[in-house]
Amino acid sequence: MSDLLNLTLAEARATLAAKDISSTELTQAYIARMEATADLNAYITTTPDKALQMAEQADARLAKGEGGALEGIPLAIKDLFCTEGVLTTAASHILDGFIPPYESTVTTNLWNAGAVLLGKTNLDEFAMGSSNVTSYYGPVENPWRSTDEPDRKRVPGGSSGGSAAAVAARSALAATGTDTGGSIRQPASFSGIVGMKPTYGRCSRWGIVAFASSLDQAGPMARTVEDAALMLQVMAGYDPKDSTSAAEAMPDLSAALNQGVKGLKIGVPAEYQVDGMPEEITKVWRQGIDWLKAEGAEIVDISLPHTKYALATYYIIAPAEASSNLARYDGVRYGLRVDGDSLAEMYANTRAAGFGEEVQRRVLVGTYVLSAGYYDAYYLKAQKVRALLRRDFDQAFETVDAILTPTAPSDAFAIGDNEDDPVKMYLNDIFTVPASLAGLPGISVPAGLSERGLPMGLQVLGRMFDEGSVVRVGRALERAADFTAVPTMVREG
Amino acid sequence: MTEPYRIQGETGEWEVVLGLEVHAQVISHAKLFSGSSTTFGAEANTQVSLVDAAMPGMLPVINRECVEQAVRTGLALKAQINLRSVFDRKNYFYADLPQGYQISQYKDPIVGEGVLLLDLPDGSTKSVGIERLHLEQDAGKSLHDQHPQKTYVDLNRSGVALMEIVSKPDLSSPEEAGLYVKKLRSILRYIGTCDGNMQEGSMRADVNVSVRKPGDPLGTRCEIKNMNSVRFIHQAIEYEARRQIEILEGGGKIDQETRLFDTGRGETRSMRSKEDAQDYRYFPDPDLLPLVLDQARVDALGAELPELPDVKKARFIADFGLSPYDAAILVEERETADWYEQLAKGRDAKIAANWLISELFGALNKAGKDLSESPVSAESLGGLVDLIGDGTISGRIAKEVFAEMFETGKAAGDIVEEKGLKQVSDTGAIEGIIDAVLAENADKVEQYRGGKDKLFGFFVGQTMKKSQGKANPGMVNDLLRQKLDG
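Protein chains in written order, with our numbering: chain D, 1 to 493; chain S, 1 to 486.
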């Protein structure tokens, strides 16, 4: 494995700017690594030719000293972002052969800053899942193996599992993810990388295949907090094409990054200590508290009393929106069509063949909760609880500047586990979902290894539009944790 | 007041209760949530943006122009403007509905209760309540006649803004329903928010029909969908009311259902029953924030509204002395009202109104033309009215001149000149003619003077005939009286 692959995004940027290496060299190294790690199934589509072409153009700009903020940086893009001229699947059979004639706003921002497209990463179908096993293109393998069951392949988390695995395996320098209920943060935790979901409205949703519109947010997945900050700074921005896009200016994250946590008040919510949570998760959380205390932060015990309703609320609102968002996949205009003798039959055939089991389950649940006679009891009530969850956070943020929690209630489980019961799978999102419902920014930072040698992340949540504090606290944790472990496959190249 | 509309059944008289939901296509350059053009009649699928085709990841962005058109319409209907309204998704599958849902407004429409005045034929008015007005997307078009097995889809119309304007069940006859549609159309055209073209489908109406014995509570209603002409609305209501009465008088009950009007057979038939009705699973569209309006902007839009038909009608009655009936006819179209005002300026407004309504409209109607295509301009017709007013020609001659004007487009004065139609108002000349007539009819003069008063008209007729119609009728009258009675 080329040494170039161990450079962080910040280091690669500096090296490229100093012309010590070229983007072409860096990109070639990543292309080779993508091929070498193809078994992980992290990518649905690789675009090596396009990558080299983009790298060449980046080198030309770098040569002229005209490089953008991410000039020549090879990135992986979650295959939920529409990319002009490049197959976009959402990991679903129903989008068979769909090549968008347009580019999403977020990826446009990245290319405008000089980034290079390596390929489109695997994900749970339509981003519905926490393990990347619902992909039509097969599960993604986590580059990490546990010490107790070294022969069992483990999930990278989901839904941005391909992006997480690629960043962890060094087959992408960084990647985009999307987070609806934890789809950036949970796989970041499982894969030993940094994943950040900004405030709802920060990144334009235009051109991202929709799962649940009121929750979907794009964000960066990278190896360091600084890398994530550099990337998010480019991805975010007001977009008039997205009516829910925020006009607030993004703070200068690089400036915020190393300000330390001295004097910051960090909330620790009692409700996140859930029954049956492995002791080592509690341990790493306590460790995080101690680190921040040692760095000069003030730790405050807080209560977020409606937390226990968050998961149920999420699993009403997200499927409700999804059931409507996915209605457009009807076989009429693009993607898969399975003919039938009537229009209704064509719909049924197409959607039965095109959607996987989990997607069908959520479309059914969503349709049910919006139905006449059930709307008030489910959807409307869920919206009310959502407001209460927001209020919980609002009240907490009157006294604290950020909140520290575990990212996920476990480390990475093996592929095939947790599949007997969808609710068991949904429990993976228990710590990430509340902030999604409230629209808050959050980051997952690797904090240590479990007893069986798998990474565990800690989550930092901030006030709306206060990504500055989030990266500040995240960076402090990162510095204290000094997480240098890498998967064996990376160490051994 | 006109007699209430009643249908005679076997068990007595029935009344009908009607409410209308009118879908009016908003005049705007772009669609409700996309930048595509809205021009009618373009080649299929040439006015379709990524949003209209519901490509993955596409998002709606509200078009300010459409919102302002809805506000204008609400203000013209004297309705409550809701400063906060919400767009909802109405979910259903159809091939010409690319998103699989229509973005509409369900619980919180942009416009609330208002009122519309019907101009009844007897000159009175009737107030009809407006329940609400909301904005929504139109669907595309399914073309079933292009291929023996397949249906083609044209998405040009997909996403075009519609206003759904819902009346209260205040209408009680087919005529009133027709007048409602006409009046609404008139208002929309005045303020330029909908072209009202029912043939092109830019205005369509769903009619809710129920029947009851006078004084009874409301009956169960049926909704007749997608009516695109006033004539069909009349026919459909008449048919549907009779159908319901027959069922009720036969001891049956009305099923609440949606029906279609078969224009060929002149009957309504069931489209779907309430049980089959779709569950649209309305919920607020999470891609759109609630629509918030600024009162100052609403006020500014109100201030920019033109004079509306009701106000204009009142002014025509007050300033021009017109009958409510004539005034209502003249204000129906803004262009007609403007035309009339140009004609009436500085002239006898009532004579002007008569000439416009009876003569010009009649001639245009016969020729199948509308006012904008009239060969006679307002100025030109004014010239004719002037010639009548100053006694140059008589009213009878004027009709002859008008026919010529309509035919050739020539000015009235030129025609009178060319044809020598000028009225004879020279006392000597008229006296000469009268003398000749009296001399020729000495016997009748005798009879007249003997008490047969009715013969006076005969002498007038003979005199006019002899003058080839050109003698001033008033003078003929006066001079005849002097000579016969004096």
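Mixed in with the good hints there might be a few duds.
Within a straight-line C-alpha distance of at most 27 Å, the following computed DSSO-like cross-link-like pairs (lysine-lysine) qualify [as the list claims (entries may be wrong)]:
hint : chain 1 : residue 1 : chain 2 : residue 2
1    : S       : 465       : D       : 241
2    : S       : 452       : D       : 384
3    : S       : 350       : S       : 466
4    : D       : 384       : S       : 126
5    : D       : 283       : D       : 265
6    : D       : 424       : D       : 308
7    : S       : 483       : D       : 241
8    : S       : 399       : S       : 483
9    : S       : 350       : S       : 183
10   : S       : 168       : S       : 253
11   : S       : 444       : S       : 419
12   : S       : 483       : S       : 422
13   : S       : 350       : D       : 381
14   : S       : 422       : D       : 381
15   : S       : 126       : S       : 213
16   : D       : 283       : D       : 381
17   : S       : 483       : S       : 466
18   : S       : 213       : S       : 78
Computed spacing ranges between beta-carbons, pair by pair [what the hints assert, rightly or not]:
hint : chain 1 : residue 1 : chain 2 : residue 2 : range
19   : D       : 101       : S       : 264       : 53 to 59 Å
20   : S       : 304       : D       : 97        : 36 to 42 Å
21   : D       : 57        : S       : 290       : 42 to 48 Å
22   : S       : 290       : D       : 63        : 36 to 42 Å
23   : S       : 40        : D       : 340       : 57 to 63 Å
24   : D       : 283       : S       : 292       : 14 to 20 Å
These aren't lab readings, by the way, just hints derived from the structure by calculation.
All C-beta atoms in this analysis are idealised placements derived from N, C-alpha and C, irrespective of residue type, glycine included.
Results of checking the hints against the structure:
1. S:465 with D:241: violated (80 Å)
2. S:452 with D:384: violated (96 Å)
3. S:350 with S:466: violated (31 Å)
4. D:384 with S:126: Judged against 27 Å, a Cα distance of about 45 Å means the pair is violated.
5. D:283 with D:265: holds (21 Å)
6. D:424 with D:308: Holds, because 15 Å separates the two Cα atoms, which is no more than 27 Å.
7. S:483 with D:241: At roughly 90 Å apart (the allowed maximum being 27 Å), residue 241 of chain D and residue 483 of chain S break the hint.
8. S:399 with S:483: This hinted pair is violated, its Cα atoms lying about 30 Å apart.
9. S:350 with S:183: Answer holds: residue 350 of chain S to residue 183 of chain S is near 24 Å, not above 27 Å.
10. S:168 with S:253: Since the Cα atoms of residue 168 of chain S and residue 253 of chain S sit roughly 23 Å apart, the hinted pair holds (cutoff 27 Å).
11. S:444 with S:419: Violated. Residue 444 of chain S to residue 419 of chain S sits at ~33 Å, over the 27 Å cutoff.
12. S:483 with S:422: Given that 27 Å is the threshold and the Cα spacing comes to 24 Å, the pair holds.
13. S:350 with D:381: With a Cα-Cα distance of about 66 Å, the restraint between residue 350 of chain S and residue 381 of chain D is violated, given a limit of 27 Å.
14. S:422 with D:381: Between residue 422 of chain S and residue 381 of chain D the Cα gap is close to 86 Å, so the pair fails against 27 Å, i.e. violated.
15. S:126 with S:213: Holds: residue 126 of chain S and residue 213 of chain S sit about 21 Å apart, inside 27 Å.
16. D:283 with D:381: violated (35 Å)
17. S:483 with S:466: holds (17 Å)
18. S:213 with S:78: violated (32 Å)
19. D:101 with S:264: 53 to 59 Å: This hint is violated: roughly 44 Å between Cβ atoms.
20. S:304 with D:97: 36 to 42 Å: Between residue 304 of chain S and residue 97 of chain D, where Cβ atoms are some 51 Å apart, the hint is violated.
21. D:57 with S:290: 42 to 48 Å: The hinted range 42 to 48 Å holds for residue 57 of chain D and residue 290 of chain S, with Cβ atoms some 43 Å apart.
22. S:290 with D:63: 36 to 42 Å: Between residue 290 of chain S and residue 63 of chain D, where Cβ atoms are some 50 Å apart, the hint is violated.
23. S:40 with D:340: 57 to 63 Å: With a Cβ separation near 33 Å, residue 40 of chain S and residue 340 of chain D fall outside 57 to 63 Å, so the hint is violated.
24. D:283 with S:292: 14 to 20 Å: 49 Å Cβ-Cβ, so the 14 to 20 Å window is violated.
The earlier numbered hints that this structure contradicts are 1, 2, 3, 4, 7, 8, 11, 13, 14, 16, 18, 19, 20, 22, 23 and 24.
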